[in-house]
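Taken in sequence, the protein lines are chains A and B.
The numbering of the first sequence is the working numbering, which starts it at 1 and goes up by one.
The numbering of the second sequence is the working numbering, which starts it at 1001 and goes up by one.
Among the hints, erroneous ones may be present.
[Said to hold, decoys possible] With a straight-line Cα cutoff of 20 Å, these simulated DMTMM-like cross-link-like pairs (lysine to aspartate or glutamate) come out:
(1) K1202/B / E224/A
(2) K1090/B / D251/A
(3) K1189/B / E1224/B
(4) K179/A / D1087/B
(5) K1294/B / D251/A
(6) K179/A / E1224/B
Keep in mind the hints are simulated off the structure, nothing from the lab.
There are 2 protein chains.
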Amino acid sequence: MSLLITGSIALDSVKTPVEEHHDQLGGSASYASIAASFFTPVNLVGIVGSDFPKQYLDLFRRHGVNLDGLETAEGKTFRWSGEYEWDMNKRRTLSVCLNVFETFQPRLPEHYRATPYILLGNISPQLQLHVLTQLKAPKFIVADTMDLWIETAREPLAELLKKIHCLVLNESEARGLVKETSLIKAGRKILQLGPKYVVVKKGEHGCLLFGENLFFSAPAYPLEDIHDPTGAGDCFAGAFTGYLTSVERFDPDALRKAVIYGSVVASFNVESFSLTRLQTLTKKDVEERFQLFKAMSQFEMV
Amino acid sequence: MSLLITGSIALDSVKTPVEEHHDQLGGSASYASIAASFFTPVNLVGIVGSDFPKQYLDLFRRHGVNLDGLETAEGKTFRWSGEYEWDMNKRRTLSVCLNVFETFQPRLPEHYRATPYILLGNISPQLQLHVLTQLKAPKFIVADTMDLWIETAREPLAELLKKIHCLVLNESEARGLVKETSLIKAGRKILQLGPKYVVVKKGEHGCLLFGENLFFSAPAYPLEDIHDPTGAGDCFAGAFTGYLTSVERFDPDALRKAVIYGSVVASFNVESFSLTRLQTLTKKDVEERFQLFKAMSQFEMV
């Protein structure tokens, strides 16, 4: 049992009104892999430059992330920098340098191709589709996406939606994808585009899971201090898919729990910059917060 | 066992991109009373003009609302008109004519003064305080408020907050009251202003209940078509307080259920204009939707 994860691996520089950190580990595949590692072994597919710090390779390995699918190319690693306002829902991208990522063509090592469970982290739908063509017998495919692809790559995204089992995206992206102001209508409309399940992430408002005859509303963990929201969505997707992989079940009950595990790991991640918090996180911490989610959303004791 | 409710009684004219209705029953006390009537008898305190339609008096009576505290003054009933955009979260007030409400001084009939449970619907904090001075032995007082009073009547509002047990207000009002962007920090800060409990209504995102050592997150009912959001907050407050009155318990468990009952009745109310939907609503409908709330927020079956 293992999970294949692809996406970006980046060195991020992030500024908040309180702190600033440079060239720390970031990227959708990095966050998703470490988050998923609390539940399952991970096969990572990605690219880094020759400047990628060895300490981050060690971090992946310590978390049981297989790096056979990690390509190291001559040149610099993908870099992103962004700034948050006091209201951490508001982020401004300061710079994006694709570097070695510009020519990335994900290539799956032969022994990765039979991995049954797949998380296509947030990269272009063209690259996500390219990964799918190399798979032998995928059982459950989760994909994340973002506003950039909704606006600039609608056709490949539409093709992708027909081939995946579950789409994870945020509130404004869901509304934008199907041009609906009502989030409920938006969720139901996205189901008609292909995926059997849709998860809409609403940040501080929790998230919604849609399926045929399925609606689940999950709360957000009530954090008073958020240090760095970067990667929360990727951690959600990683832990969500990681949990599903660990139980090898994709029914509504498993999906509901997966949504909570995704929320739990994401809520830990935003407590400090980059992946710092997840490095000391234990499975026991995860289980304890899972129980807190239960306590704060249960209203009728049995 | 009964519940005293005060607030405004109005004739509303509401326009949405789809429909338009004139001079229909509205006002915080009207919505709250009918919503509470599914759980408890109500003693209404309010004022109407001599033009107030008899059919609405009959509607109150049919729902077990005692009108001994309803003053009929020479002149016109309070009128409000507003318009919603396609995104029903966005409302514009077109006109407010206070009419007889301008000189309203709530006077409690002698036999109302011992009512133990109180809902101070959304009117000025000065009027809400004036009601409190006339009570003999209130056991649990819930108050609603709005941005207008937060901006223009901070001092009486601060005084009120020290005298009530539970404040109900919406998301932007909570942030504005204590000047916090984080809703979690805002909720906790409001507790320090006096009330033992705070309910923050988030519209399509559900609501949050705060107390000392208490945090509860309730989902919103996933309505695809909202016909008229007017009065949703008042229905929430009415059903919330009505349920608490009916069980005569104010502990965290009762409060959690009350939040769900508030959400249930509010979700029915927005299904049509004015109080139309509540007129045909049955207690059985309420209980059924309560169970649906449970199904859509429960993630671990026992």
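Comparing the hints with the structure gives:
1. With a C-alpha separation of about 17 Å, the suggested pair K1202/B and E224/A falls inside the 20 Å cut-off, and the hint holds.
2. Taken as a hint, the K1090/B and D251/A pair is broken in the structure, with Cα atoms around 37 Å apart against an allowance of 20 Å.
3. Using a Cα cut-off of 20 Å, the hinted pair K1189/B and E1224/B is violated, with the two alpha carbons roughly 34 Å apart.
4. Restraint check for K179/A and D1087/B: satisfied, since their Cα atoms lie roughly 12 Å apart, inside the 20 Å limit.
5. With a CA separation close to 18 Å, the supplied pair K1294/B and D251/A stays within the 20 Å bound.
6. For the given pair, K179/A sits about 14 Å from E1224/B by alpha-carbon distance, which is consistent with the 20 Å threshold.
Against the hints set out earlier in the document, violations occur for numbers 2 and 3.
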